[in-house]
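Novice: The chain contents come next:
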Amino acid sequence: MPARLSSRLGILRSFATSTRHQVKNKVREHQKLFQEDNGLPVHLKGGTLDSLLYRFTMTITVVGSCYSVFSLVKAAFPQKNK
Amino acid sequence: MAHQTHAYHMVDPSPWPLTGATAALLLTSGLAMWFHYNSTTLMTLGLLTTLMTMMQWWRDIVRESTFQGHHTMPVQKGLRYGMILFITSEVFFFIGFFWAFYHSSLAPTPELGGSWPPTGIHPLNPFEVPLLNTAVLLASGVTITWAHHSLMAANRNQSIQALTITVTLGLYFTALQAMEYYEAPFTIADGVYGSTFFVATGFHGLHVIIGSTFLIVCLLRLIKFHFTTAHHFGFEAAAWYWHFVDVVWLFLYISIYWWG
Numbered sequence: 001m002p003a004r005l006s007s008r009l010g011i012l013r014s015f016a017t018s019t020r021h022q023v024k025n026k027v028r029e030h031q032k033l034f035q036e037d038n039g040l041p042v043h044l045k046g047g048t049l050d051s052l053l054y055r056f057t058m059t060i061t062v063v064g065s066c067y068s069v070f071s072l073v074k075a076a077f078p079q080k081n082k
Numbered sequence: 083m084a085h086q087t088h089a090y091h092m093v094d095p096s097p098w099p100l101t102g103a104t105a106a107l108l109l110t111s112g113l114a115m116w117f118h119y120n121s122t123t124l125m126t127l128g129l130l131t132t133l134m135t136m137m138q139w140w141r142d143i144v145r146e147s148t149f150q151g152h153h154t155m156p157v158q159k160g161l162r163y164g165m166i167l168f169i170t171s172e173v174f175f176f177i178g179f180f181w182a183f184y185h186s187s188l189a190p191t192p193e194l195g196g197s198w199p200p201t202g203i204h205p206l207n208p209f210e211v212p213l214l215n216t217a218v219l220l221a222s223g224v225t226i227t228w229a230h231h232s233l234m235a236a237n238r239n240q241s242i243q244a245l246t247i248t249v250t251l252g253l254y255f256t257a258l259q260a261m262e263y264y265e266a267p268f269t270i271a272d273g274v275y276g277s278t279f280f281v282a283t284g285f286h287g288l289h290v291i292i293g294s295t296f297l298i299v300c301l302l303r304l305i306k307f308h309f310t311t312a313h314h315f316g317f318e319a320a321a322w323y324w325h326f327v328d329v330v331w332l333f334l335y336i337s338i339y340w341w342g
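Residue numbers (this note's numbering), protein chains in the order written: chain A, 1 to 82; chain B, 83 to 342.
In isolation and in its complexed conformation, chain A is listed as follows:
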């Protein structure tokens, strides 16, 4: 990272309105995390939040599929109202 960005003058020179608190370059840390040899697939390699998001997504996918099939079967056999 260029020295000018880490100096106080560099911070002042950053695009003031959006990066007043200097954004740190965390790419190296992320590269280390995602290249760790732990056998995890990329969609779970980030940690606990990944698992939670995956479980939530899969749950609504399964629930939605069941509801969709149920709705379509129900729609296929209309009840005649007397």
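Just to be clear, a hint being listed does not mean it is correct.
Calculated lysine-lysine pairs in the PhoX-like style (CA-CA distance at most 25 Å, straight line) [unchecked claim]: (1) B/K306 <-> A/K45; (2) B/K306 <-> A/K32; (3) A/K24 <-> B/K306.
If the Cβ cut is set under 8 Å, some of the chain B residues that face chain A in the computed set are [said to hold, decoys possible]: (4) Y90; (5) G128; (6) E318.
Simulated from the structure, these hints should not be mistaken for laboratory data.
The C-beta atom is built at its ideal place from N, Cα and C for all residues, glycine as well.
Given chain A, work out where chain B should sit, using these hints.
Specialist: For chain B alone, kept in the frame of chain A given last:
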């Protein structure tokens, strides 16, 4: 540990294609449920699963490229082909709506009064907000090019500023167009004029929103140092898409707003 001896990317097994396909099922059946049985549950589930799938799938691609280094030159070439083909397919999508517009407007039927615009329709003045919209999108095309060149020149501040201005212009266009829609003296139900106008400009507006979202993601990645001076395909893809959106607007403006 075994290493691959080729430059291609063999992806990890992923659940997102399955959740994405299911999302499509839920969206379509959800639409049917909404239209015919006045129930929005399925459609909402469909929108939610679509959103979750998109976010996690694209998050994974960022991980595979920026953090795992899988996007070698051959892989990037494939992605370039892919984006070009996708944009081409979208061009054809819009050609359909332009075809519909010209079909109805070049030979107006007696039912319309034999004229275009049809009798009773008061079209929007093309030299008011639509002209401003044209200027806004053209300017955004300039600022995104400025952002790109700044990125390639390792000028962080300017690239962030230019991309931010681009996003702002995109959001400004959307706001102006929303206001135009609200204030318009005609609706989508006003014959074929209303249909062609709102379907064509409506789909364009949706693409502006999609493009703006893509640009916002690029802006966040730019701030987080994801892009290098030589490797920033995500940004280039967003820029290509944005220029496409701009060009579609120019055709819309000339055909529907001005000539129409």
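Novice: All hints are to be evaluated individually against the structure, with a verdict given for each.
Specialist: Tested hints:
no. : hint             : result
1   : B/K306 <-> A/K45 : 19 Å, holds
2   : B/K306 <-> A/K32 : 16 Å, holds
3   : A/K24 <-> B/K306 : 7 Å, holds
4   : Y90              : 16 Å, violated
5   : G128             : 7 Å, holds
6   : E318             : 19 Å, violated
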